[in-house]
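Starting from the known structure of chain A, arrange chains B and C on it as the hints suggest.
Listed here are the chains, written in short residue letters.
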Amino acid sequence: MGRKKVWALGLTMALLLALLNGCSSGGNEAAKNTSTTVKDEPSETTADAGKPVTLRFSWWGGEDRHAATLEAIEAYKKIAPNVTIEAEYQGFDGYEQKIKTQLTSGTSADIMQLDLPWVQELVTKGDFFVDLKTMGDFNASGFDPTFLDNFGVYDGKLVAVPTGVNAYCLIINKTLADQLGIPTDIQWDWDTLYEQGKKLHEADSGKYLLLADHAALTQDFRTMLKQRTGEQWIKEDYTVGFTKEDAAASFDWLQKAMEAGVYQPIGEADLFFGKLDQNPKWINQEMPMTTSMSSTLPTLKTVLPEGTEIVTALPAIAKDAKNTGVVVRPSQLFAVSQKSQHQEEAVKFLNWLMNDPEAAVILGGVRSIPPVKSSQQAAVEAGKIDAAITNAVELGLENAGLVDNSISNNSEVAKILEDVIQKVSYNKATPEQAADELIASLTSKLAEIKDRTQ
Amino acid sequence: MRTSGILRKPWANYLFLIVLGFIMVYPLLWLFASSFKTNADIFGSTKLLPGSYVRDAYSLGWQGTGQYGFQDFFMNTFMLVVPTVLFTILSSVLVAYGFARFHFPLKTLLFSIMIATLMLPNASIMIPRYILFNKLGWLDSYLPFIIPAAFATGAFFVYLMIQFIRGLPRDLDEAATIDGCNSFTVLTRVLLPLCKPAIFSVGIFQFMWTWNDFFNSIIYISSVRKFTVSLGLRLSLDASSAVSWNQVIAMSVVSIVPCILLFFLAQKYFVEGISTTGLKG
Amino acid sequence: MIKRKRNYQYVGLLYISPWIIGLLLFQLYPFLSSFYYSFTNYNMVSAPTWTGWDNYVKIFTGDPEFYQSLKVTGIYVLLAVPVKLAFALFIAMLLSAKLKGINLFRTVYYLPSILGGSVAISVLWRFLFMKEGVVNAMLARLHLGPVDWLGSPDVALYTLGLLTVWQFGSSMVLFLAGLQQIPTELYEAGSIDGASKTRMFFKITVPLLTPIVLFNLVMQMVNAFQEFTGAFVITGGGPLKSTYLYALKLYEEAFTFFNMGYASALSWVLFVIIMGVTAVIFKSSGSWVHYEDGGR
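First to last, the sequence lines map onto chains A, B and C.
Each residue of the first sequence is one higher than the last, beginning at 6 in this note's numbering.
Each residue of the second sequence is one higher than the last, beginning at 134 in this note's numbering.
Each residue of the third sequence is one higher than the last, beginning at 119 in this note's numbering.
Hints were generated in silico from the structure; no laboratory data involved.
Every residue gets a Cβ at the ideal spot worked out from N, C-alpha and C, and that includes glycine.
Errors might be hidden in some of the hints.
Said to hold, decoys possible - Chain C is faced by these chain A residues, among others (derived, beta-carbon under 7 Å):
1) Gln102
2) Thr109
3) Lys130
4) Asp132
5) Lys179
6) Ala182
7) Gly186
8) Asp190
9) Gln237
10) Glu273
11) Leu276
12) Phe278
13) Ser416
14) Tyr431
15) Lys455
In isolation and in its complexed conformation, chain A is listed as follows (with noise of 0.2 Å):
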């Protein structure tokens, strides 16, 4: 019995190598048809005005985003009568993965809200988006013309639009701060960082000056190390733009924050990896700060008590820094499929969707801070944007740092980073180690991506 089994097994192995040895081209053809299915031109049918028509637009979220979009979905009804908006919405879980599923197959929705890094990689990749450029239904003029060229525009076309401005910033919790007699009105670097969140932390050791989990760590050493150089911490050319003793520095300073006991040590703070808003500490207020994008504040605020004052600054900036870091990006962009039946009526959506006041005023800041000026204007002044938020945004756009190319961003090099500075937070490394292990994991990896996309 047994030995018959096991017979089985090595024959079934065999007998699908050798099928597969027939099969690839088999394969090779059918993954041909796909790549041209989405190179296909787009269709000529466009939709006389009055004409029925039903768009489907796809987005990510939570409760108030999906409830103000739906209203403005239901609000755009009586502008344009004859078009019909399905609406398909879900949490953030399997999006990304859903997007370019479908996006391969050329069954993704007219409309879709897309993160910034994957229209970076996208458009390296094929030609998905319509190039807003050649609409003439849409009117960018309200948009910062340099906050669209950085984000929106690759290879001269305007592939996506940004549905809001996104500044990574000092979340303060001022109420605990006013408490703990920390200063809420300077304007930080790392050694006064250094210096309140050790004398806070000495003074009472269940507390922590700052909130961050070890992607919050990575970000911090990145704005670190463009505050030194003046440069992408990698470059175009797929090369590492920073020095051995550059890196060692700034994980120095890590090191020893750690050990201060200005960050929660990073054991306990990764259990909320990516849900800063669920650290016991932030909650039952041990902690008062936190470095994160202003999107986030509305999420931290809620699990604070009714009262308590949150005020945002710029983040930490080195007195000798050669450029701010202070990222600025789109929370989210705006795309209109290539293969969309009813691109104009698409586009007239999209279109009024970013510049109608009475769009504005119902989306108020559930993406973020509006990036056309008209639209922002309403929003405020309907009330809908909280002040720190602004505040935050305003800065930023003020203090705004080098952007960050897409190779900067690119998952696989952000994953490296993000492995040893768990190595040095764990004092599993010296900082020397780190930068060593670094550069080296880097410029392996970057040859080998560097391989794969040519």
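Positioned in the frame of chain A, the structure of chains B and C alone reads:
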């Protein structure tokens, strides 16, 4: 042995079951209690009972977000799960019977292929499968779940049934054949009644797994109108939006109720005595 | 391979025909595609390009994470599977007793498994096992701990193992069902012969339960090698990759980095490993699994 349990005294049995049961269920009690807590209470405190009670988590959660609420998601889930479960039972019983009781060419090879289909991780076949269902025009419907179930693609269930059928003495079939049964009536009249525990296991597992499935559902189903409960539960989880966790947890609690009921009602079949007197032993 | 000639019963093929059709229609194409992808560089967005054995070479010679995840998975399988099965069998024996209210107990013991990998689980588990969580609070009352259950690289994998064992319900149900197949007369006969309970357990229960033990062993093993949810929602593979299970690595390659080709190669390596272990289990099963149908 089965009449008095593993420990000598019934009270010892009870005591043990109660203590261990409490430990097993404690986390779920916490979950239930949390549906009445504020976010700050859920994440900030380790106490079981809420500091201040939130009473509307169930009613607000049930309404869902925007156009569709949990009554829709529950209906959808039933539309998806019920046919899937029935087809799974039907097809796996037939196929298992074939494997367990008959001798045919290439049987061992086919059996091995079936077991092998369990072993390739989902991640690498998801994309080709999606492409396939797209070509068949089945996206945004429940067909990618129901139709494969009708063709016994769940090797787990087939293998499970095989193991149970093989646990039944062949004398039963032979006796029935002598009484004039053909191969199909042997299955329906003799083996099926004896396989009840296994059939109910298959049904319960498939019900719960399909009920809880998230990853396949999110890929195949796009319209919120067709969302299942597990998709509904994660409809508003996003790192940069405030999440009312009490509502999410309340709906998690509600979502497991059908599974609990099903299990509670079906479990007597696992322990129904089977009499094979006179045939064996 | 010498086989005893026997008359074929072709009606058997008729019974398994639904499965054969399903295999050809729904499983063969995805399987072959993934095998093909494993020899390509494929990012889902542009067409795959043929790279020969590159992916496999990289797995074995250029990817330290592969060995780390393999090690973690190996420990996890060796640990979680036997403990879970033993526990499930033990509880099934307890719950097959004819006690009043046993229905309720059975449901209670199955409850944790109903939750599956739902979002609630991750919240729950973190709350129980964080440094200032419930478990440590209880230990403190016994003057023990605190243990850094999920934050320490030396402990986290075992804590995840605990979650798996906690969800022992499906194995338990199968054992319960299997126990019912054992004819009561055997025990009655045993009692008359004056056999002790322990003796009857090993002489009657265990042998007659072996087909189900085999099933549970194979399935739990296959599942443990592919275990994903717990680590994904609770630790994300950390701290310091101590819970970086193979499926996590695979998922990351496939759906974070969209290296579909490389991920497919990883799947096939795992496939071969599981296949090998299963083959060993099946090979050994001839000597310990007892079939009522006489093993025909």
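Here's how the hints hold up against the structure:
Of the supplied interface hints, the one on Gln102 (chain A) holds, with its beta-carbon coming within about 5 Å of a beta-carbon of chain C, less than 7 Å. Hint status for Thr109 (chain A): holds, given a least beta-carbon distance of 5 Å to chain C, under 7 Å. For Lys130 (chain A), the suggested interface contact is upheld, since its CB lies about 4 Å from the closest CB of chain C, less than 7 Å. For the restraint placing Asp132 (chain A) at the interface with chain C, the shortest Cβ-Cβ distance is roughly 11 Å, beyond the 7 Å limit, so the hint is violated.
For Lys179 (chain A), the shortest C-beta to C-beta distance to chain C is roughly 25 Å, which exceeds 7 Å, and the interface hint is violated. Here the hint on Ala182 (chain A) is broken, as its CB sits about 23 Å from the closest CB of chain C, past 7 Å. Using the Cβ-Cβ criterion of 7 Å, the hint placing Gly186 (chain A) at the interface with chain C is not satisfied: the shortest such distance is roughly 25 Å. The beta carbon of Asp190 (chain A) comes no nearer than 33 Å to any beta carbon in chain C, farther than 7 Å, and the hint placing it at the interface is violated.
Checking Gln237 (chain A) against chain C by beta carbon gives a least distance of about 20 Å; that is not within 7 Å, so the hint is violated. Annotation: Glu273 (chain A) was flagged as interfacial toward chain C, and the flag holds, the nearest CB pair being 5 Å apart, inside 7 Å. This hint holds: Leu276 (chain A) has a C-beta 5 Å from the nearest C-beta of chain C, less than the 7 Å allowed. This hint holds: Phe278 (chain A) has a C-beta 5 Å from the nearest C-beta of chain C, less than the 7 Å allowed.
Hint on Ser416 (chain A) holds. Least Cβ distance to chain C is approximately 6 Å, under the 7 Å limit. For Tyr431 (chain A), the suggested interface contact is upheld, since its CB lies about 6 Å from the closest CB of chain C, less than 7 Å. Interface restraint check for Lys455 (chain A): the shortest CB-CB distance to chain C comes to about 13 Å, outside 7 Å, so the restraint is violated.
Violation of the numbered hints given earlier is confined to hints 4, 5, 6, 7, 8, 9 and 15; the remaining hints are satisfied by the structure.
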